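**Student:** Put chain L on the given structure of chain G with help from the hints.
Which chain is which? The protein sequence lines are G and L, in order.
Just so you know, we're using the working numbering here: the first sequence kicks off at 1115 and counts up by one.
Just so you know, we're using the working numbering here: the second sequence kicks off at 29 and counts up by one.
It is worth saying that the hints were derived from the structure and are not from the lab.
Please read all numbers here as calculations on a predicted model, not as lab measurements.
Subject to a maximum C-alpha distance of 25 Å in a straight line, what follows is the list of computed DSS-like cross-link-like pairs (lysine-lysine):
1) Lys77/L with Lys96/L
2) Lys89/L with Lys77/L
3) Lys1180/G with Lys1169/G
4) Lys1180/G with Lys132/L
5) Lys77/L with Lys132/L
6) Lys77/L with Lys1155/G
7) Lys1169/G with Lys132/L
8) Lys96/L with Lys132/L
9) Lys1180/G with Lys1134/G
10) Lys132/L with Lys1155/G
11) Lys1169/G with Lys1134/G
12) Lys1134/G with Lys1178/G
13) Lys1134/G with Lys132/L
14) Lys89/L with Lys1155/G
15) Lys1128/G with Lys1178/G
16) Lys1178/G with Lys132/L
17) Lys1128/G with Lys1180/G
Derived CB-CB ranges, DEER-like:
18) Leu140/L with Pro1122/G: 19 to 29 Å
19) Gly1130/G with Trp111/L: 39 to 49 Å
20) Lys96/L with Lys1178/G: 35 to 45 Å
21) Ala29/L with Ser1168/G: 16 to 26 Å
22) Ser98/L with Lys1178/G: 34 to 44 Å
23) Leu140/L with His1121/G: 19 to 29 Å
24) Leu1232/G with Lys96/L: 41 to 51 Å
25) Lys96/L with Pro1200/G: 41 to 51 Å
26) Ile39/L with Phe1153/G: 15 to 25 Å
27) Pro35/L with Ser1168/G: 32 to 42 Å
28) Pro107/L with Gln1174/G: 34 to 44 Å
29) Ser1123/G with Leu84/L: 33 to 43 Å
30) Ser108/L with Ser1197/G: 46 to 56 Å
31) Val1117/G with Gln86/L: 14 to 24 Å
To give an idea of the interface, some chain G residues facing chain L are shown, with a C-beta separation under 10 Å as derived from the structure:
32) Trp1124
33) Phe1148
34) Tyr1150
35) Gln1152
36) Gln1156
37) Met1159
38) Thr1163
39) Cys1208
40) Ile1220
Note that beta-carbon positions come from the ideal geometry of N, C-alpha and C, so glycine has one too.
What follows is each chain in one-letter form.
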Amino acid sequence: GAVVSQHPSWVICKSGTSVKIECRSLDFQATTMFWYRQFPKQSLMLMATSNEGSKATYEQGVEKDKFLINHASLTLSTLTVTSAHPEDSSFYICSARDPGGTGQNIQYFGAGTRLSVL
Amino acid sequence: AQSVTQPDIHITVSEGASLELRCNYSYGATPYLFWYVQSPGQGLQLLLKYFSGDTLVQGIKGFEAEFKRSQSSFNLRKPSVHWSDAAEYFCAVDSPNYGGATNKLIFGTGTLLAVQP
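Isolated chain G, as found in the complex:
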């Protein structure tokens, strides 16, 4: 299956600093990537849809100025948590949609990034 790489897997930062998380599709081109946030023992919450070459679409309640998304190429999307605070500590997971030969889209997920803000 398709492979999505997410980096870093774990990051600790001080309150007020910014953190960038990368999501790469390794063996396919992804015009659309997604960013999720997962709280302990809960399901995934979609934060935003990242479209190559255009602005991301944020879900209701997600601060676009805090969670900056850039999808500059067909294989890379980045999520930057700006001025991070302890309440931003969470598990962030990206996915990339593989269009596939038949147009049947499947999302493949990265391994996630554990963010801890001190």
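**Tutor:** Same frame as chain G, now just chain L:
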């Protein structure tokens, strides 16, 4: 609006026993259906999917799922569970991609599977 319900938050089975994880969805037409598995601290791995055709789909790791339109269900099954199957399982629904529209996966709340020796 689409929704996905996984009624069982936590299930414990003995190794070697059979397993069935329930999933019900709410959608006006036949959606795309998925089961993902997540090991602790990891991302999600696709187990299997249903788009159309045969309602019994086979996936990786010996899992299968059956789409039942009349019950709006897509339950996941495995005849004999292994200790390595202990993980969290998520059912998800997506709508068919008409006209290139960007669609979103809707996830259930997950079922945590524990396997007893």
